[in-house]
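Q: Use the sequences and the hints to build the structure in full.
2 protein chains.
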Amino acid sequence: MSRVYNFSAGPAVLPEEVLKEAQEEMMDYRGCGMSVMEMSHRSKMFQTIIDEAEADLRELMNIPDNYKVLFLQGGAALQFAGVPMNLMKNGVADYIVTGQWAKKAYVEAQKYGKVNKVASSEDETFSYIPDCSDLPIDEDADYVYICMNNTIYGTVFHELPNTKGKTLVADISSCFLSEPLDVTKFGLVYGGVQKNVGPSGVQIVIIREDLIREDLPQWVPTMMSYKVQADNGSMYNTPPCYGIYICGKVFKWIKGLGGLEAMKKRNEEKAAVLYDFLDSSKMFKGTVRKEDRSLMNVPFVTGDKDLDAKFVAEAKEAGFENLKGHRTVGGMRASIYNAMPKEGVEKLVEFMKKFEAENA
Amino acid sequence: MSRVYNFSAGPAVLPEEVLKEAQEEMMDYRGCGMSVMEMSHRSKMFQTIIDEAEADLRELMNIPDNYKVLFLQGGAALQFAGVPMNLMKNGVADYIVTGQWAKKAYVEAQKYGKVNKVASSEDETFSYIPDCSDLPIDEDADYVYICMNNTIYGTVFHELPNTKGKTLVADISSCFLSEPLDVTKFGLVYGGVQKNVGPSGVQIVIIREDLIREDLPQWVPTMMSYKVQADNGSMYNTPPCYGIYICGKVFKWIKGLGGLEAMKKRNEEKAAVLYDFLDSSKMFKGTVRKEDRSLMNVPFVTGDKDLDAKFVAEAKEAGFENLKGHRTVGGMRASIYNAMPKEGVEKLVEFMKKFEAENA
Numbered sequence: 001m002s003r004v005y006n007f008s009a010g011p012a013v014l015p016e017e018v019l020k021e022a023q024e025e026m027m028d029y030r031g032c033g034m035s036v037m038e039m040s041h042r043s044k045m046f047q048t049i050i051d052e053a054e055a056d057l058r059e060l061m062n063i064p065d066n067y068k069v070l071f072l073q074g075g076a077a078l079q080f081a082g083v084p085m086n087l088m089k090n091g092v093a094d095y096i097v098t099g100q101w102a103k104k105a106y107v108e109a110q111k112y113g114k115v116n117k118v119a120s121s122e123d124e125t126f127s128y129i130p131d132c133s134d135l136p137i138d139e140d141a142d143y144v145y146i147c148m149n150n151t152i153y154g155t156v157f158h159e160l161p162n163t164k165g166k167t168l169v170a171d172i173s174s175c176f177l178s179e180p181l182d183v184t185k186f187g188l189v190y191g192g193v194q195k196n197v198g199p200s201g202v203q204i205v206i207i208r209e210d211l212i213r214e215d216l217p218q219w220v221p222t223m224m225s226y227k228v229q230a231d232n233g234s235m236y237n238t239p240p241c242y243g244i245y246i247c248g249k250v251f252k253w254i255k256g257l258g259g260l261e262a263m264k265k266r267n268e269e270k271a272a273v274l275y276d277f278l279d280s281s282k283m284f285k286g287t288v289r290k291e292d293r294s295l296m297n298v299p300f301v302t303g304d305k306d307l308d309a310k311f312v313a314e315a316k317e318a319g320f321e322n323l324k325g326h327r328t329v330g331g332m333r334a335s336i337y338n339a340m341p342k343e344g345v346e347k348l349v350e351f352m353k354k355f356e357a358e359n360a
Numbered sequence: 001m002s003r004v005y006n007f008s009a010g011p012a013v014l015p016e017e018v019l020k021e022a023q024e025e026m027m028d029y030r031g032c033g034m035s036v037m038e039m040s041h042r043s044k045m046f047q048t049i050i051d052e053a054e055a056d057l058r059e060l061m062n063i064p065d066n067y068k069v070l071f072l073q074g075g076a077a078l079q080f081a082g083v084p085m086n087l088m089k090n091g092v093a094d095y096i097v098t099g100q101w102a103k104k105a106y107v108e109a110q111k112y113g114k115v116n117k118v119a120s121s122e123d124e125t126f127s128y129i130p131d132c133s134d135l136p137i138d139e140d141a142d143y144v145y146i147c148m149n150n151t152i153y154g155t156v157f158h159e160l161p162n163t164k165g166k167t168l169v170a171d172i173s174s175c176f177l178s179e180p181l182d183v184t185k186f187g188l189v190y191g192g193v194q195k196n197v198g199p200s201g202v203q204i205v206i207i208r209e210d211l212i213r214e215d216l217p218q219w220v221p222t223m224m225s226y227k228v229q230a231d232n233g234s235m236y237n238t239p240p241c242y243g244i245y246i247c248g249k250v251f252k253w254i255k256g257l258g259g260l261e262a263m264k265k266r267n268e269e270k271a272a273v274l275y276d277f278l279d280s281s282k283m284f285k286g287t288v289r290k291e292d293r294s295l296m297n298v299p300f301v302t303g304d305k306d307l308d309a310k311f312v313a314e315a316k317e318a319g320f321e322n323l324k325g326h327r328t329v330g331g332m333r334a335s336i337y338n339a340m341p342k343e344g345v346e347k348l349v350e351f352m353k354k355f356e357a358e359n360a
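Chains as they are written, first to last, in the UniProt record's numbering: chain W, 1 to 360; chain X, 1 to 360.
Please keep in mind that the hints were generated in silico from the structure rather than gathered at the bench.
Incorrect hints may have been included.
No copy is singled out in the list; a pair is fine if it fits within one copy or between any two copies.
Once the Cα atoms are required to be at most 30 Å apart in a straight line, the calculated BS3-like pairs of lysine-lysine come out as [claimed, not checked]:
(1) K264 with K285
(2) K44 with K305
(3) K285 with K44
(4) K252 with K185
(5) K342 with K44
(6) K252 with K265
Since the model is a prediction, treat every value here as computed from it, not as a measurement.
A: Below you can see the structure in the form of structure tokens.
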């Protein structure tokens, strides 16, 4: 078996230890005589799996008791509707548009109320985080929305916006569990797990209890009511059991490494290897304003499309997969999530140095 | 490794061959150096997986070209809203209520229009399929809805209702791929895969193209529009990739066994082992009207609650898992989906005979 270095933006690399355990347990989970894929979600065995997953996530993120943790389906894209459906009481929300996913969320929310774009960085291809210290927050805004880490553009909110007392909501898909997060600063955070936590098909919503409403508009599907999902412990219907099981293993893997402080240190060291090289290279350069750089997604370019394409092709040959950048940015992007070993980034930088020397 | 006989109603037993293959490919899918869980859904590798899955399903079910196949998330429960959201033009639908899932679908649809219950078997705990040859179909009905196989109650529509020309819609979750189905008789069939096809978290919708509309009400979430999903090849956002991969393996497993005609024969022989015994036993009896019996779910009782409980407990000890019946029926239920080997049913019947002798 030869594993590649997989820099995919998501679905993305998972810890080898987690995959190995899942492999060992595939035919017979801990002597119960069946695969987790075959377990009734109403069985004690599966209840233990989901309960442990929730408990470990609560411990890792230090989630207060007055927040519910929901394991849902449908991806962030379904929550682009779920958030306004559930949180809009006044029918007003403020969105900060820092990338494609924030923009999609902003557009979807317009189905459900008056939505203000209070800040944007679209003028410079989302290569920076706008100043959010004094935004024109709507008096009636039910919430202020951000996409915390912008997967395509490689930016992250190092400082949270000043919401002037309004509830802050964040899509944290691509920085989930990459470093500590003060959940109490948010009314709701949510994310697809397929970047940093598990296989695609699981969506985690963490919501403060007082925001969970019963009086939703009639046309809200029962499955999309946070109240229904919270009251049923994420099992109003059959949840994505196998995905939740893998997430649970990833939570334990992170705990084993020392939790989110340790993960942050690891991620900072790992990202520094690549950013330091980008800052010293004559050929490759990062596309993001330095102070807004993400620890997770690192877009870079040579400035020459043909050379970019040559790099991506040769990198693939050398075992570095999925380095092609998003079409709206061009060039390359290395997604270096939790499960990407530092060694993978070091080898990538070695390869970039070699490529630069050969193509100078 | 010792595998049990798992009679769970869903998630349920999967073919051992499929699990073994998945186990072998866990760390490195066919030399690509990564797990299917780690693959970008935009990669050629994953595109091949989903394309093959669709092609195999089309071949197995003989799905005509004017039907779209969608791989979605959210379970049947989300489609309880998705179906009326997408198919109601007149705002009217007729529902045939033959069990708990049909009833939930019926209740959910009331959020979206005028919904008529045109037939029901609730008067006798859903133990039969009502006569549907001459129903009071609404002139304006956009569709007539059935739950084809009733998981909890063990009934199945052996004959389709006379819809008087209206579009027929069916939830086929618990009889998916258990026998041939003439798709052309339906406008839309859909089902969660976690009973007969794969792990929970994947929902397959098969819909005739002329029913796919663009002019949906504003509040329909983009993710729930069949038009959007069809136009994007089920990849408007990241699909549940690993689940689709497992479904694909199950499709190939069924093809290898000879397709749906062969599967039907297998299932009939298997179910006969249990039904023949139930019809001859003095202790155990089936709860369903004979002509409406399902090949997939077989509820039965002793007539004595304590004896039922004793049976379930001793069966579990002997390696027969998940035989407890649904609380609304009581007693026992053996779900004997495609992947349950005939041997499992034979051994169960042996065990029942022994129990009957010991407890006569």
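Q: Compare the structure with each hint and give your call.
A: Each hint, compared with the structure:
no.	hint	in the structure
1	K264 with K285	within (24 Å within a copy, 61 Å between copies)
2	K44 with K305	between (55 Å within a copy, 22 Å between copies)
3	K285 with K44	between (53 Å within a copy, 28 Å between copies)
4	K252 with K185	within (25 Å within a copy, 49 Å between copies)
5	K342 with K44	between (39 Å within a copy, 27 Å between copies)
6	K252 with K265	within (18 Å within a copy, 46 Å between copies)
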